[in-house]
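Colleague: Sequences listed follow chains A, B, C and D, in order.
If you want the numbering used here, it's the position in the first sequence, counting the first as 1, plus 738.
If you want the numbering used here, it's the position in the second sequence, counting the first as 1, plus 738.
If you want the numbering used here, it's the position in the third sequence, counting the first as 1, plus 738.
If you want the numbering used here, it's the position in the fourth sequence, counting the first as 1, plus 738.
None of these hints come from the bench; they were simulated from the model.
Watch out, some of these pointers could steer you wrong.
Under 10 Å between C-beta atoms, here's a sample of chain D residues computed to sit facing chain B [unchecked claim]:
hint, residue
1, L760
2, D795
3, K929
4, V930
5, N938
6, E939
7, G968
8, D998
9, V1002
10, R1003
11, K1008
12, R1028
13, M1087
Please read these numbers as outputs of a predicted model, since none were measured by experiment.
Ideal Cβ positions, reconstructed from N, Cα and C, are used throughout, including at glycine.
There are 4 protein chains.
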Amino acid sequence: MDKIKVGIIGSTGYAGQELARLLSGHKHAEVIRYGSRSYDGTAFSEVYGNMYEIADDTCASDDLEELSKEADVIFTATPQGYLAGVLNETILNNCKVIDLSADFRLKDVAVYEKWYKIEHKSPEFIKEAVYGLCEINRDKVKGARLIANPGCFTTCSILSLYPLVKEGMIDTDSIIVDAKSGTSGAGRGAKVANLFCEVNENIKAYGVATHRHTPEIEEQLGYAVSENGGPLTINFTPHLVPMNRGILATCYAKLSAAFDYDTVRKAYEKHYSEEKFIRLLKKGFNPETRWVEGSNYMDINFVIDERTGRIIVMGAIDNMVKGAAGQAVQNMNIMFDLPEDEGLKITPMFP
Amino acid sequence: MDKIKVGIIGSTGYAGQELARLLSGHKHAEVIRYGSRSYDGTAFSEVYGNMYEIADDTCASDDLEELSKEADVIFTATPQGYLAGVLNETILNNCKVIDLSADFRLKDVAVYEKWYKIEHKSPEFIKEAVYGLCEINRDKVKGARLIANPGCFTTCSILSLYPLVKEGMIDTDSIIVDAKSGTSGAGRGAKVANLFCEVNENIKAYGVATHRHTPEIEEQLGYAVSENGGPLTINFTPHLVPMNRGILATCYAKLSAAFDYDTVRKAYEKHYSEEKFIRLLKKGFNPETRWVEGSNYMDINFVIDERTGRIIVMGAIDNMVKGAAGQAVQNMNIMFDLPEDEGLKITPMFP
Amino acid sequence: MDKIKVGIIGSTGYAGQELARLLSGHKHAEVIRYGSRSYDGTAFSEVYGNMYEIADDTCASDDLEELSKEADVIFTATPQGYLAGVLNETILNNCKVIDLSADFRLKDVAVYEKWYKIEHKSPEFIKEAVYGLCEINRDKVKGARLIANPGCFTTCSILSLYPLVKEGMIDTDSIIVDAKSGTSGAGRGAKVANLFCEVNENIKAYGVATHRHTPEIEEQLGYAVSENGGPLTINFTPHLVPMNRGILATCYAKLSAAFDYDTVRKAYEKHYSEEKFIRLLKKGFNPETRWVEGSNYMDINFVIDERTGRIIVMGAIDNMVKGAAGQAVQNMNIMFDLPEDEGLKITPMFP
Amino acid sequence: MDKIKVGIIGSTGYAGQELARLLSGHKHAEVIRYGSRSYDGTAFSEVYGNMYEIADDTCASDDLEELSKEADVIFTATPQGYLAGVLNETILNNCKVIDLSADFRLKDVAVYEKWYKIEHKSPEFIKEAVYGLCEINRDKVKGARLIANPGCFTTCSILSLYPLVKEGMIDTDSIIVDAKSGTSGAGRGAKVANLFCEVNENIKAYGVATHRHTPEIEEQLGYAVSENGGPLTINFTPHLVPMNRGILATCYAKLSAAFDYDTVRKAYEKHYSEEKFIRLLKKGFNPETRWVEGSNYMDINFVIDERTGRIIVMGAIDNMVKGAAGQAVQNMNIMFDLPEDEGLKITPMFP
């Protein structure tokens, strides 16, 4: 079998580099282009020393349309607005596109423009774009030309809560997601706020009541309430944690009835027991980000507080893998009819 | 003026050591005993190298009653149950006692025994013990013989929410406190769970729906609802963060009416504008643990989410200072009629 | 081809767990026993949550001789003295043994007993034990029954300096190795010194002039000076760094003549250019531990200081992989005539 | 007594901020200007939240000469070349200047220009500038108008080795300094190399054989060899450690004779026993950066390796305090005839 030819636009950001790492272990794919505007002309392995003698190719500042003639699939790990600005019908006819930015995640352009504060340049492709949350939308992913790869917080929040919402076990106006993320989620841009000394020995909330993943969670989780979405409104608060990788979402909601652990557990098993990448932990074990580090796993468990009638669901992922590059590869595998875990059979690394 | 003679029982735990650090800069107090069972006979500065040439005294395993004859005040930074097991009338007649454990924090013995799972050995002193949350109970602290110094999570949670509860601005059954703590809160015991490699590069929730600071927050915050307490029930979830110091409490509650920022701000100012150690941040600035590190400050701010009708209050303290030793010294200052910030005029250290 | 049956004694220490991680991705090996005295009866994945749904086997406290009847190879990741205390001819006839402890690394029993301060219980096996530094002793490893897997500091120090010593390019009495290690090297024992708050935000030297890897480095590097070893004496100083993984060795030595970069480079290439796991970095790039994290690579480079006539060689490994479990698997691959990198084709993970 | 009026140029870098922290606790000094080009017009406490309600002054982009009319002393915590570019006789007649940059540290302009690769704009002031290493040059500091405040690595390296060199106990061509620094030493500039994810979980050497503190150490330590300096040449290798603060220098040298611990100890005591900020640790205790954190202390100890005839001296400082702002304040105290430890009686903070 010929290898899938992969192009990466934005390969020198953290998500792009993680794609390179994962694809270096993928049997049926090869990277033919390490796209990078900032490092055009530099060897990829000079930018990321871990890739030395593994990916010594020279980075190139590529035109997406040109690249689409050679590639079978292109991952765009680019700033918001880039893909929407250059996408066209030719590209989508030439190859598959998996977009790690937010450009095609929200179905309502107005919502996109309100939360991202930029104009959407190619709304005509929004409708066909498939929201690539594999465990929920697997069937739609199969035939898609354009995948909107979910955000990291979004993946973690939605998968944590999905069975509860789908099965009507919680009040959909009572959801609070308090999320904690490692710093790689902030990207590799040179900003004072992300310097070692600013992040280390600190924890802070940010984007309180205004974070852009909020409408994405609401929209997608809303489809679990009703076909056309909602009603479902949440509070979402991300926090920055002094660690490289990992997202932990601590989710609170009012149970719609006095369900016990086993009943709720069954709802989770109904939806996830066949999923290779979702691990429902044993009762009494809480998800921790360290146990999924480097892997595509998502760990989930929950506690019911009878005193308050609330359920506390905890979900943990590696933001770089299941929250970005890993899920993107998972989508690629589904689209190309490969085993869903090809290139992703990675045992989490500890410590 | 003679210096206050201070004894510390449990001086070689983290909270005890922090007391030693703070008291080394206190003009009107001197430590006459570094109590320690584990390091009996060892120089204090061999246990904590930072204290070399500052506190080279030899640690001693002291009898509380004996020590009470020499000391003006004794801090007990000891495991749960210790003080309740040895306290008696003689001791309290000899000197003041400021207890950093939980032994005298809860007024209801049954609640104590249920959450702490140990028998309370001297319930007769519970009633007179004053809950030493200085900003709320300053007047009672003044004349007290026995202070129950508040827990770290408790201090942070209560002070974050107090004005809202006191002024009736939130629904008291809607409160969720999602707290994040540095690792010094776990103490200096040699446990696998607290090893560097277990804590580093990880975040986890623990004690979900069962953490012992829950009833303490509920009781104290309940007094702001009504004189006899409550009704007020909360969800409280602590998380362990890979950093040494600091607690951030992210608190969620339903506003009881559509208050705007300025109205709520006024409630906070009413209660805290005269407080030296509480800093209400400028609008738009969120509390971060790094800005209070090493100091007795508590930073507070909030955001109102009109979409959900909830307020998100954030409070940050240094768990070792305002959450333990600093507040204990603040209590001592009040009890001995000293300026409340003596020994505590410490500018937070960054980075 | 039948899978190699692997037993791990001491599987619940960090090195044992790393063996489990690496072997979970090995095509021709399967772990048949997760040996552990401390966690006898507990599922391996309850001890290490990363292994959940990957290695859920129950840990057992195994007798080495019993296990040798079922296993093709046994890894002992055990405290010093354990293997020497139980090894016998029957075991070595039944299966291969790869020892990650120091029991069979030093050829001179007296040196072992002096530096380790314990009696050696089975000196009769010292002679046949092969020092499993694959790149140097590959041929001897092939036919061995018993492998003494090198120490982490030792691997890094020897491979950094070997070409220089072998080619006579440095004065062998001028060598200083200043090494820096992540904290996983200290193991999973519950010790105050290794608590998060003790290690974080700190750097210290330890075992100054007395660390046990010193004679190991001297002996092995000595064989590069002369057949019978030496003369070669070094200063070796390890430091503890607040990070999980990685060793960086900064080595200083007087050049025996005024060699330039290219000449020295050729010596390194002569010995290492065919080595899959040794990466000689491009001129101007210094090894950093992050670039080898999670992998079996060793990165090497050097700088010549003409002002002082010294060469500064830097070598970086992941102490858990090339410094322990990875090299052990590499030895297994050599012994069982498998591709040397089977199970070890791991791209380093960053960040 | 009137307070000393202090101006800080470059107050919003890490060293400038540390000056602000230390001066906030100084009885006889007040900051009258928080100079900052980048944050002109912004409240200092908006740049550094720790200073909220402590230093809320607005930052201003100041002309040094204008400021010199109002200030008694000006600290310049500015990039290399700034002070040399603007200094003049008028300024030095108006007020004292304590320069935290390297502009006036090296007596030989050619050496400065070679290592710093910039032209020196006011070499006429080099001769009068006093190298402000208080413990060595106290007398000269007293009457100085212009202080060249030493570099962080330099302070730590020189003070670690000074007694040995001064007393002729080591071979001056055998010195190797392997230094490890926290990341605050890299400053607050927004550089990819200093992002959290780049520094965390990593250790690397940098500036190998080319670091600018090398000639500074050689020159100053050279004066301990002979009046006109040297001969003394060293190898100096700095490393970046994933922690905020602290420098550990591990220094190696050949003893000039077979001195024992006590003999060498006496040499250290001869020079340092009266020094408030130098702590010679008890035999067997190694300096660790955590024990000096936040303070102006320098901890020193050493080990003699009889096998190799070398001494290993370890010195630890907080790079922000004794390595920068603390020593600058110490110099100010000496110049203004204040107790040398005014504003610096800070107990190190742990953990």
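Colleague: Decide, hint by hint, whether the structure agrees.
Modeller: Evaluated hints:
Here the hint on D:L760 is kept, as its CB sits about 8 Å from the closest CB of chain B, short of 10 Å. Interface hint at D:D795: violated, since its Cβ lies 14 Å from the closest Cβ of chain B, which is beyond the 10 Å cut-off. Look at D:K929: its Cβ only gets to about 15 Å from chain B, farther than 10 Å, so that hint breaks. Evaluation of the D:V930 hint against chain B yields a violated restraint, the C-beta minimum of about 18 Å exceeding 10 Å.
Contact between D:N938 and chain B, as hinted, is supported at the beta carbon level, the nearest pair being about 8 Å apart and thus within 10 Å. A distance limit of 10 Å between C-beta atoms decides the matter here; for D:E939 the minimum to chain B is near 7 Å, and the interface restraint holds. Taking 10 Å as the C-beta contact cut-off toward chain B, the hint placing D:G968 at the interface is violated, the least distance being around 34 Å. Annotation: interface hint on D:D998 violated; nearest CB of chain B at approximately 23 Å, more than 10 Å.
Annotation: interface hint on D:V1002 violated; nearest CB of chain B at approximately 20 Å, more than 10 Å. Interface restraint check: D:R1003 against chain B, minimum CB-CB distance 16 Å, threshold 10 Å, status violated. Checking D:K1008 against chain B by beta carbon gives a least distance of about 18 Å; that is not within 10 Å, so the hint is violated. Residue-level restraint check for D:R1028 holds (minimum Cβ-Cβ distance to chain B is 7 Å; threshold 10 Å).
A least Cβ separation of about 5 Å between D:M1087 and chain B falls short of the 10 Å threshold, and the interface hint therefore holds.
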